[in-house]
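Enquirer: Sequence:
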Amino acid sequence: MAAEDPDPSPYLYVSMEQKRKDQTKPYDGKKMVWVSDEKEGYLLGLIKETKGDMCTVEIEKQENRVVKKDLLQQVNPPKYEKAEDMSNLTYLNDASVLHNLRQRYYAQLIYTYSGLFCVAINPYKRYPIYTPRCMGLYRGKRRTEVPPHLFAISDGAYMAMLANRENQSMLIT
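So that you can map any letter, position 167 of the sequence shown is 167 in full-length UniProt numbering, and since no number is skipped, the others follow by simple counting.
Heads up, some of the hints might be wrong.
DSS-like, lysine-lysine: derived pairs with alpha carbons at most 27 Å apart [what the hints assert, rightly or not]:
(1) K141 with K79
(2) K69 with K31
(3) K30 with K61
(4) K82 with K141
(5) K69 with K51
(6) K51 with K30
(7) K69 with K30
If you're looking for bench data, these hints aren't it; they were derived computationally from the structure.
Construct the complete structure from the given sequences, taking the supplied hints into account.
Expert: Here it is as structure tokens:
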């Protein structure tokens, strides 16, 4: 009997339903900001008032904080929620990068590109994304044609090695 080879899609792609849900979130590019937080890293806030270089920010409808304007970071439009490649984000700041990685991790999407780099977050459990079926999705494909995965990086290096007849290297840290 052949071993089970489950569908890896839920661990590779954001579903259309989830994309629609993410893209209908309210957004005000002039008032929505990330506020630094000791416990969470950053929290989503809405600027309620600005006086000089200080802003009163409502944090997730729970509390108001008075924060220096330069410490606030801009929020990306909803179309960038769970972005596969963070180099495409409108605002590439610490808060936006951490938010994107966190949201993808919560959605069980553990691989994310950041330009030429592939960021992996260890889920501390097994996902069916290292199977022959999953490997086949990446074979001979360009990185832009498939979702982020280590297989895309390794297949790209292998294809470049064959095409250019030159050694390739990868840095895994």
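Enquirer: For each hint, tell me whether it holds in the structure or not.
Expert: Hints, one by one, checked against the model:
1. Straight-line distance between C-alpha atoms of K141 and K79 comes to about 25 Å, which keeps the hinted pair within the 27 Å bound.
2. The straight-line distance between the Cα atoms of K69 and K31 is roughly 12 Å, inside the 27 Å bound, and the hint therefore holds.
3. A hinted pair counts as satisfied when its Cα atoms are at most 27 Å apart, and K30 with K61 qualifies at roughly 17 Å.
4. Note on K82 and K141: the hinted pairing holds, with a Cα-Cα distance of about 22 Å set against a maximum of 27 Å.
5. Between K69 and K51, the direct Cα distance comes to roughly 9 Å. Compliance with the 27 Å bound is thereby established for this hinted pair.
6. At most 27 Å may separate the alpha-carbon atoms for a hinted pair to count; K51 and K30 meet this at roughly 15 Å.
7. Taking the CA atoms of K69 and K30, the gap is about 12 Å. The hint holds against a cut of 27 Å.
Going down the numbered hints, you'll see the structure goes against none, and every one checks out.
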